[in-house]
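We have chain A; now place chain B onto it with these hints.
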Amino acid sequence: MTSFAHLALACKKFSPRFLKVAGFAVAICALAAAQSLPQVHLDASGLAPRPIEELTGTTIARHYALAWRELAGALESGRAEGLNEEFVGLAKDRLVRRIGEQKQVGVHVRIVDHGHQLKAVFYSADGSAMQLLDQAQLEIQIFDGNKLIDSQNAPQQYMVLMTPGADRWYVRDLEEVSAKTF
Amino acid sequence: MQRIRYCNFAWGKCLAGLALLGILSGWAGAAELRVPATLEAGQSFSIPAEGTGQATFYLLGPDHVVKRRVTLGSDLAIQSSDVRAAGRYRAILCSSSCSSAVFQVEAAKPAHLSFFLHPSRVPVSTPQSIDATAFVFDQYFNLVLTPAVVDFRVTPASGAGFLRQSSTRRGVAWMRLDSTPHEGRVQVSAVAANTEEARVIQQVAAEACGLRMRALPSGNVVTLETDPVRDCSGNALPDGTVVSFTKVDREGKSTVDTPIKKGVARVQFSLHGPAQMGVACGVVLGNEVALNGKL
Numbered sequence: 017m018t019s020f021a022h023l024a025l026a027c028k029k030f031s032p033r034f035l036k037v038a039g040f041a042v043a044i045c046a047l048a049a050a051q052s053l054p055q056v057h058l059d060a061s062g063l064a065p066r067p068i069e070e071l072t073g074t075t076i077a078r079h080y081a082l083a084w085r086e087l088a089g090a091l092e093s094g095r096a097e098g099l100n101e102e103f104v105g106l107a108k109d110r111l112v113r114r115i116g117e118q119k120q121v122g123v124h125v126r127i128v129d130h131g132h133q134l135k136a137v138f139y140s141a142d143g144s145a146m147q148l149l150d151q152a153q154l155e156i157q158i159f160d161g162n163k164l165i166d167s168q169n170a171p172q173q174y175m176v177l178m179t180p181g182a183d184r185w186y187v188r189d190l191e192e193v194s195a196k197t198f
Numbered sequence: 168m169q170r171i172r173y174c175n176f177a178w179g180k181c182l183a184g185l186a187l188l189g190i191l192s193g194w195a196g197a198a199e200l201r202v203p204a205t206l207e208a209g210q211s212f213s214i215p216a217e218g219t220g221q222a223t224f225y226l227l228g229p230d231h232v233v234k235r236r237v238t239l240g241s242d243l244a245i246q247s248s249d250v251r252a253a254g255r256y257r258a259i260l261c262s263s264s265c266s267s268a269v270f271q272v273e274a275a276k277p278a279h280l281s282f283f284l285h286p287s288r289v290p291v292s293t294p295q296s297i298d299a300t301a302f303v304f305d306q307y308f309n310l311v312l313t314p315a316v317v318d319f320r321v322t323p324a325s326g327a328g329f330l331r332q333s334s335t336r337r338g339v340a341w342m343r344l345d346s347t348p349h350e351g352r353v354q355v356s357a358v359a360a361n362t363e364e365a366r367v368i369q370q371v372a373a374e375a376c377g378l379r380m381r382a383l384p385s386g387n388v389v390t391l392e393t394d395p396v397r398d399c400s401g402n403a404l405p406d407g408t409v410v411s412f413t414k415v416d417r418e419g420k421s422t423v424d425t426p427i428k429k430g431v432a433r434v435q436f437s438l439h440g441p442a443q444m445g446v447a448c449g450v451v452l453g454n455e456v457a458l459n460g461k462l
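These protein sequence lines are chains A and B, in that order.
Take 17 as the starting number for the first sequence in the numbering used here and just add one per residue.
Take 168 as the starting number for the second sequence in the numbering used here and just add one per residue.
Here chain A stands alone, though its shape is the one from the complex (with noise of 0.2 Å):
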């Protein structure tokens, strides 16, 4: 009681202007962290037939690591509105009506991704396709409503085919497959 009694006496002592201006730092902060990439580190070593070039390794981290944002946030909200940006095709196709599906029966699932070891293994000779491997570090939620009702937090592989698009890479297919595929 007295810690509390301590506590209301030292918001007292700030302005309302303090507590405004701390306020709107504290939402920008929460807004960032919502914003921020996950970590994609890609390794094309012994790529083939085509080597990779840098600015495309580049391109390609940050895009998938776009794609998981979004990806997480749809997953969470519902809303698939922001796949467009960084899906296409089959991938786009099935995460929508998993989302649309998800939303019609009340369930979310939330992502906390803790980053992506992304290891390219094929990139065709004309540089229309690329495929990849990813090792990532995801913690996973699923809700029905606000009741947890499962969580997971172990590795997860994923197989992923990127293609390229007048301005980026685009996740074409992401399948999540058994450690064996690696």
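The reader is advised that the hints may include incorrect statements.
[Stated by the list, open to error] Taking CB as the label site, the calculated pair distances span:
#, chain 1, residue 1, chain 2, residue 2, range
1, A, G94, B, R288, 46 to 52 Å
2, B, Q354, A, A170, 31 to 37 Å
3, B, V316, A, S93, 41 to 47 Å
4, A, L53, B, S263, 38 to 44 Å
5, A, E70, B, Q435, 47 to 53 Å
6, B, S263, A, R126, 19 to 25 Å
7, B, P203, A, Q120, 23 to 29 Å
8, A, E101, B, Q435, 19 to 25 Å
9, A, G62, B, V451, 35 to 41 Å
10, B, R288, A, D59, 32 to 38 Å
11, B, R201, A, L53, 36 to 42 Å
12, A, P65, B, Q354, 20 to 26 Å
13, A, D59, B, V316, 27 to 33 Å
[Unchecked claim] Think about it this way: if two alpha-carbon atoms lie no more than 20 Å apart in a straight line, the pair counts; the simulated SDA-like pairs of lysine to any residue are:
#, chain 1, residue 1, chain 2, residue 2
14, A, K108, B, R255
15, A, K196, B, P314
16, A, K196, B, L206
17, A, K108, B, F308
18, B, K234, A, S93
19, A, K163, B, F224
20, A, K108, B, D249
None of these hints come from the bench; they were simulated from the model.
Just so it is clear, CB atoms sit at the ideal spot from N, CA and C, and this is done for glycine as well.
Okay, now just chain B, sitting in the frame of chain A:
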């Protein structure tokens, strides 16, 4: 007989109590889910749900989410349409608490090919000049990650074709092929299981070979004309291919680039005294002609 001694004070009450305990544990506890570790896409199956009472069953897959009320003690039927997408699925059963299990759905047999052929035009008789890449998918468009054999068949418009075989690795087969000696349309097909995808490329003549020209002087003008321009396999270089003629005389050096028309390239130069003339096409040099007032 130890356990009978605990109960022998009131058999009826003891048994009823045990039964109630069993019912409660089935009702209150999370029923264990037993799922197959892996199964093929589109394959229906059932999950035995032990216990009694009602529960909520969830199935979360790559493109599909199921939620339904179920009665424990009976099997939970999973339809083939619930497991069409390859990937990891999570089955969750909740009564008073939840239990979950994970299973992997793997692609079914190859049924579709996504086939890329590059480039669309290629010079004849060039080794390793055609890149063929095939992605193998099942009927639900899951990438087939288990190795599959893909045949690349090359069928030229004239001459003998050939076949190269490759095995997929993580769903992808690729190969570099040689172009055949004759120009024209070449069909390249990728074949896996019962599915075939064909693409067409155009083979064009390679660099000029044995480039020759002749000079036809007329007064103080000379017309230079090549023989029909062909590559080393005898294919005519396409019209529009640029041929460069050079003349060096008293006035200096003149160069004219002119396209091949109807198989030959032709140009006229005015002459100022003795002249030396040459011809080239791409990286190939042809013969030289010297004019000293006479041929």
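Hint check results:
The hinted range of 46 to 52 Å is satisfied by G94(A) and R288(B), whose Cβ atoms lie roughly 49 Å apart. At roughly 48 Å, the beta-carbon separation of Q354(B) and A170(A) lies outside the given 31 to 37 Å, and the hint is violated. At about 44 Å, the CB distance of V316(B) to S93(A) agrees with the hint of 41 to 47 Å. Checking the proposed 38 to 44 Å range against L53(A) and S263(B) shows it holds: the Cβ atoms sit about 40 Å from each other.
Restraint check, E70(A) to Q435(B): a C-beta distance of roughly 52 Å satisfies the suggested window 47 to 53 Å. Checked against the hint of 19 to 25 Å, the C-beta distance between S263(B) and R126(A) comes to roughly 23 Å, which is consistent with it. Hint check: P203(B) to Q120(A), Cβ distance near 27 Å, so the stated range 23 to 29 Å holds. In this structure the supplied range 19 to 25 Å is violated for E101(A) paired with Q435(B), their Cβ-Cβ distance being about 60 Å.
For G62(A) paired with V451(B), a C-beta distance near 38 Å keeps the hint of 35 to 41 Å intact. For R288(B) and D59(A), the hinted distance range of 32 to 38 Å is satisfied, since their beta carbons lie about 35 Å from each other. For R201(B) and L53(A), the Cβ-Cβ distance of about 39 Å falls inside the hinted range of 36 to 42 Å, so the restraint holds. In this structure the hint that P65(A) and Q354(B) lie 20 to 26 Å apart at CB holds, the actual value being about 22 Å.
The given range of 27 to 33 Å is respected by D59(A) and V316(B), whose C-beta atoms sit roughly 29 Å from each other. Annotation: proposed proximity of K108(A) to R255(B) holds, straight-line Cα distance about 17 Å (limit 20 Å). For the given pair, K196(A) sits about 13 Å from P314(B) by alpha-carbon distance, which is consistent with the 20 Å threshold. Taking the CA atoms of K196(A) and L206(B), the gap is about 15 Å. The hint holds against a cut of 20 Å.
In summary, the hint linking K108(A) to F308(B) is supported, as the alpha carbons are separated by about 13 Å, within the 20 Å threshold. Our distance criterion of 20 Å between C-alpha atoms is met by K234(B) and S93(A), whose separation comes to about 18 Å. A threshold of 20 Å between alpha carbons decides the hint, and for K163(A) with F224(B) the separation of about 14 Å falls inside it, so the pair holds. For a cut-off of 20 Å, the pair hint linking K108(A) to D249(B) stands: about 18 Å separates their Cα positions.
When the structure is compared with the earlier hints, violations turn up for hints 2, 8 and for no others.
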